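Protein chains: 2
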Amino acid sequence: MAEHIDLAEYLFRRLYQVGVRGIHGVPGDYNLTALDYVAPAGLEWVGNCNELNAGYAADGYARVKGIGAVVTAFGVGELSAINAIGGAYAEMAPVVHIVGTPSTSIQNSGACMHHSLGDGNFRIFAEMAAKVTVAQASLTSAHTAPSEIDRVLRQCLLQSRPVYVELPTDLVSAKIPASLLSTPISTSIPPNDEGFEDAEVDLIISKIYAAKQPFIIVDGFTSRYGPGVAALANELVRVTGFPCSTTPFGKGIIDETLPNFHGVYAGIAGKQVYMPWAQSCDLVLRLGPLNSDVNTFGFTTIPDPKVTITFHRDSVEVGSADNGGHYKNLHIKGLLQKILDRLDVSRVPKLDPYPDLGCPRRQLRALEATDPEGTIDQNTFYQRVSTFFREGDIVLSETGTPSVGGRDFVLPKHTQLINSSIWLSIGYMLGATQGVALAQRELIADGGRKGRTILFEGDGSLQMTVQEISTMIRNRLDVTIFVLNNDGYTIERWIHGMEASYNDVAPWRYLKAADFFGAPQDDKEYKISTHRAATWGELERLLADSEVQDGKGFKMIEVIMTKEDAPESLKKLVQTVQKRNSGVLDAKVEGDKITAKAAAQ
Amino acid sequence: MAEHIDLAEYLFRRLYQVGVRGIHGVPGDYNLTALDYVAPAGLEWVGNCNELNAGYAADGYARVKGIGAVVTAFGVGELSAINAIGGAYAEMAPVVHIVGTPSTSIQNSGACMHHSLGDGNFRIFAEMAAKVTVAQASLTSAHTAPSEIDRVLRQCLLQSRPVYVELPTDLVSAKIPASLLSTPISTSIPPNDEGFEDAEVDLIISKIYAAKQPFIIVDGFTSRYGPGVAALANELVRVTGFPCSTTPFGKGIIDETLPNFHGVYAGIAGKQVYMPWAQSCDLVLRLGPLNSDVNTFGFTTIPDPKVTITFHRDSVEVGSADNGGHYKNLHIKGLLQKILDRLDVSRVPKLDPYPDLGCPRRQLRALEATDPEGTIDQNTFYQRVSTFFREGDIVLSETGTPSVGGRDFVLPKHTQLINSSIWLSIGYMLGATQGVALAQRELIADGGRKGRTILFEGDGSLQMTVQEISTMIRNRLDVTIFVLNNDGYTIERWIHGMEASYNDVAPWRYLKAADFFGAPQDDKEYKISTHRAATWGELERLLADSEVQDGKGFKMIEVIMTKEDAPESLKKLVQTVQKRNSGVLDAKVEGDKITAKAAAQ
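Sequence lines, in order, name chains B and R. Residue 252 in numbering that gives the first Met the number 0 sits at position 253 of the first sequence, with consecutive numbering throughout. Residue 173 in numbering that gives the first Met the number 0 sits at position 174 of the second sequence, with consecutive numbering throughout.
Label pairs and their in silico Cβ distance ranges:
| id | chain 1 | residue 1 | chain 2 | residue 2 | range |
| --- | --- | --- | --- | --- | --- |
| 1 | R | E524 | B | P275 | 55 to 65 Å |
| 2 | R | Q520 | B | D376 | 25 to 35 Å |
| 3 | R | E563 | B | G447 | 38 to 48 Å |
| 4 | R | Y353 | B | E126 | 47 to 57 Å |
| 5 | R | Q520 | B | E126 | 46 to 56 Å |
| 6 | B | S140 | R | G41 | 56 to 66 Å |
| 7 | R | E367 | B | E126 | 48 to 58 Å |
| 8 | B | S187 | R | N378 | 54 to 64 Å |
Think about it this way: if two alpha-carbon atoms lie no more than 20 Å apart in a straight line, the pair counts; the simulated EDC-like pairs of lysine to aspartate or glutamate are:
| id | chain 1 | residue 1 | chain 2 | residue 2 |
| --- | --- | --- | --- | --- |
| 9 | B | K206 | B | D343 |
| 10 | R | K130 | B | E126 |
| 11 | B | K327 | R | D118 |
| 12 | B | K578 | R | D35 |
| 13 | R | K578 | B | D35 |
| 14 | B | K526 | B | E557 |
| 15 | B | K571 | B | D376 |
| 16 | R | K511 | B | D521 |
FYI, nobody ran anything at the bench for these hints, they're computed from the structure. Note that this is a predicted model, so its numbers are computed, not measured. Glycine is no exception: its CB is placed at the ideal position from the N, C-alpha and C atoms.
Please put together the full structure from these sequences, using the hints given.
Shown next, in the form of structure tokens:
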């Protein structure tokens, strides 16, 4: 290797080293020369249609691969992407946002440059970015740039949240010692203090042994706390045999074929039996919580702190202040590992009788046969379509009726579900799907995985970011999209304005998308297929069709649903949203002692 | 009228009073109830496909109507739009950004709400917005909200820049005294100090009388300094007879049929004769300047301050410090009016011989006839297509080859040209066109105008914001779009990466857009027409076709150009961009004494 390399090469090789293989983004005149270094670093340039979509795609990619990257241009490009970066922050997706900026001399001169506000201030956009990223690097010299890059990449990986890198045009080819690349970016975490950890492990195990009515709730951040944590969570569920649910955000982390898996705990929006049982538990093990209103069904699934052991990334809360404490500097991975190592399974209480919390698999099998001529309804669609899923699939459910309904999916082992559970930016999921499909292709090529990329998308959401279908096709990604066409923003109709015209969307001819976006015609290596299902019979024939099942090429299945149909759980949930919008702080639920204020802490 | 009205009604009626008729935006759960008040206030709800496009549309609308408004939802919606708001700030478009936010009690509780980052901080996005707006109102009580709304609307109008309004869900129906509506929002400006103004007017007039080689440069902000200023600028050009040019940003403000109008002064990118002549002037009257690199052709058209009188909104700079001064608190409107009132036309010097700066109309007529089979070239396309324009048209040229080429348009009287000259966010112009077409329809309905809305759009740009074609069609707007299909980001190819794959875009089937986006088929009241021109003969037949000319319905003309073709002026210009990107602060130009640093001040 040469003694010196250019800074842009250093940056992209560092990204390669930490697992990035595809770079999302849009070219712009302050980043063009940097893009010359993408392919030589072994990376694929995706080339999105716009920056917001590129940001969404990098986020989706990151949720599968553990890190993603997006390149935009100063000002216009980066601001277009900032909503995606905000989402990555809120939902803990590790995205590196690289911004091509004007040269350092231009910036120092305060010149009135294009893509600036014209006031000579080149820091405004970085100041905005700092609010939605966990680390920032404004590269200003060849001397400090490598360590700055390493610092933010490390934070991106450790905190699983976005970081921001400004690369001025004049530093792209600044010379950096090539030898710096041979020291890997360390993401090791200091081991937990043995003595301290031992004490907490013993405390937690004693509570497990003593539990009479235990419950495990696995939430979505569990999968963000580093490689291996989700596997340990699964092991905890398996060896204890304790009844386990996930939150909406956590769905897909736990193997849903385990006999003690009982679906999503939906609080006031769920089945009557579930919440009273959960609220009378004497031990709740809670992993990786995201306490947002939607993820907790209006704060109704947050368990009583007194009986709860909450595992965060670097700390554990055991009970409430009067009978426990919040123990910092204990990383979840070491902690769970030690609990599992020390747990004497024979002393773990067996529930007898085991509570009847429902088995999603049995519920799916118990569904009545459909009327082949019948209209497809939201209330059973998500269960029924689950027969289509296979191991290795990555399933994405867009915010709106798909994400609410998708809580009823019955997932095979090793299936990843991606939804949004606090940021809820509609349009995200189509962009994310492009990134996920790329990540999936890389994983398959590495031999580590098989499976498809399957998106459930609403019509209103699709319209937000539709052009990324072009990016999927141009990059020849294998994607299956179910477009749930119900003639507008149905989730919003249920919140407010059932008949209001502002909840309508234009009646697109969705199945013509691939053709409009330039899909190759009759390309045997990359097939385009489009289908429409307006009845259960049509849908079931499609789901049974081996060509639909193969997941190859670009497939779109338009599913026609009625405008006002929604999953039952959504109808219940929106009542609490309406109350909060009118100024009522919390939905009053009988027996619910959790207030919104406490929930926010 | 009732004694009290709801706050949302107050807000929308105030918008109506200051000239808004159409509201852009996207529904979201924190703004839904507010949207119920749009139609009753006499306003049209547009319903865009996404928030960035809605922001662009509101900006385009504002550039025609003098004010525009966009409604988004907290967090996700507003951040998606923030790039558009930044552009409105940089280019002085008066846009009111209304954000539906969580209820005040929720915000005060710090709850972990959807569309937030989950940290209980509800001020983050407002802090970002404050960086790209000139006034902000966080409505928190019925008592103060009306005056807060009035304050920001006044600033929006006076400063011609965006403002930001947060409307929490619980304040939507807060009761406001209806009588407040009967006091109009004052946009009057204090009259200039008579004695002070008189002195400056006399000084300026004396310099006009004494000039041997005078020049007028009209820039784009001239049209942002309030109603009537552009007319006064035209009158100044007409009565003095001084040679006049516009900047790229100012193009369209001055009647191009005046004999002393000489097109865009393009500095180093222009004709050889122009810059030496301009730089040897002894008086330059400069109106409403935007000193950005692209608008000044790499700072080469900024005249010597010593000989320049620069008219800003509220001040005038006469000469440089040693022989003049910067006089504040003099509004351009009063100042220009008094200059025109007092000017003795007989004492205004006549240039003899009049300099040969070229006449765009004569240059157009002198063009050789095209080869009907010949390829359409960028270098003469923009001149030739000018024969298509008519009085009252609003012409939009997207950033990239269209905006550079569009400097060669030869415009009829009363034709507005919209381009971007500092923000340069590609994709802007398609969104803006939707807003402009709505504004144009309103002006036509008011009987104040006739004319079409005509967009020149690049293929790469179109891909950014394409779904707003759906919004045009759904709102039955009359729009004519020339899609310049040259197979990628050609302007970027010229800057860097002529053959680089990152400058490619997917080969869409552009003419299928309207069909994909759900256009009605065979609707006699709203016709869809699509055409392709690959040769001069095909283009000229289309331009002469009365059905193409009528401007009714949705028309798309795809113009095929070669990938590497660009206007000559662009090829020259990008050399300076390349230099600056490599760290050279200023393009060295012989005889150019203006530095980038001075230009930025």
